[in-house]
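Residue strings, one per chain:
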Amino acid sequence: MAARPLRVFIADDNRDMVMLLGILFRSEGMVVRSTTRGTEVRSAVAEFRPDAVLLDIAMPDRSGLEVALELIRDYGERCPVLIAITAHSSDVARRLTAKSGFRHHVAKPYDPDALLKLVASVEPHDWRSLSIRST
Amino acid sequence: MDLTPGEKTVLRQIRALYATEARREHQLKALMMQWPPIHHETYKRAYGGLLAKLLIQGVDAQVFRLTEAGLGAIGVAIPKPRPLPVKA
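From first to last, the protein sequence lines stand for chains Y and D.
The first sequence begins at 1 in the numbering used here and counts up by one.
The second sequence begins at 136 in the numbering used here and counts up by one.
Hints were generated in silico from the structure; no laboratory data involved.
Mixed in with the good hints there might be a few duds.
As the list claims (entries may be wrong) - Under the rule of at most 27 Å between Cα atoms (straight-line distance), these lysine-lysine pairs were calculated in the DSSO-like manner:
no. : chain 1 : residue 1 : chain 2 : residue 2
1   : Y       : LYS99     : D       : LYS222
2   : Y       : LYS99     : Y       : LYS117
3   : Y       : LYS99     : D       : LYS164
4   : D       : LYS188    : D       : LYS143
Can you make the complete structure from the sequences, with help from the hints?
See below:
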C-alpha cells in the first residue's frame, strides 16, 4: 500500500509565513492546514489529525509553549510531532521548547530545504483508536 | 486582583513556564521568547504591571521570581505549614 501524504498543521500569526510554509510543504505533496490564531490550534488538530504541528512560539493570543503543553496534555506520548518555530536559538530557548514537548526546534531565519527535509522525515501518525483526554 | 488583559496574557505565559519547570525562578529570556516582536512593548509594560502588583519580583536583570501571590494567581496551591503539635 502506498504511503499516504503527510499531514502538516501550521500555526503562526504571521500570514506571510503561513502562506510560504504552505507553498513549501504542498510542493512536496503534503496536505496542509493552518491558522494564525494560537487559540484555534487545539480544536483544529483534533479535527485535522496532522502528523506534524509547526508552532510559532510568539503568537499574541496564545504562545506556542502554551499550545504545546495543551496538546501534550490532550495526547500524551501519542501527540503528533511538535516543531517549534522561533526567532530564538539560545540554549535557554532550546531547553525550554524541549521541556515543553517539542521534538524539534527551528530557529528563524530557517533554511527551507532543511525544514522540508525535517518535516518529510516525520513518521505518519497513527490516529486510530486515539481518544483525547478530557480536561 | 484586577489584572489588565496584557498582564493576564503574560501571567498565562509564566504559568506555561511553571508547567515546564515547577520552580519559582525563571529566566526572563524564556518569558520574552513568547512575546511577538510587534507586541513587545505592550508585554513589557504588562510584565512591569505584574512586578508592581507583587505577583513577581526581579531577582536580577535576567531572572524573575514568582511570589506567593503570583503562585496563587497561576493556580499553584501553596501548602500551609502544619501547626506544631501541642504538648500536653
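List of violated hint numbers, smallest to largest: Going through the list in order, the structure violates hint 1 alone and respects the others.
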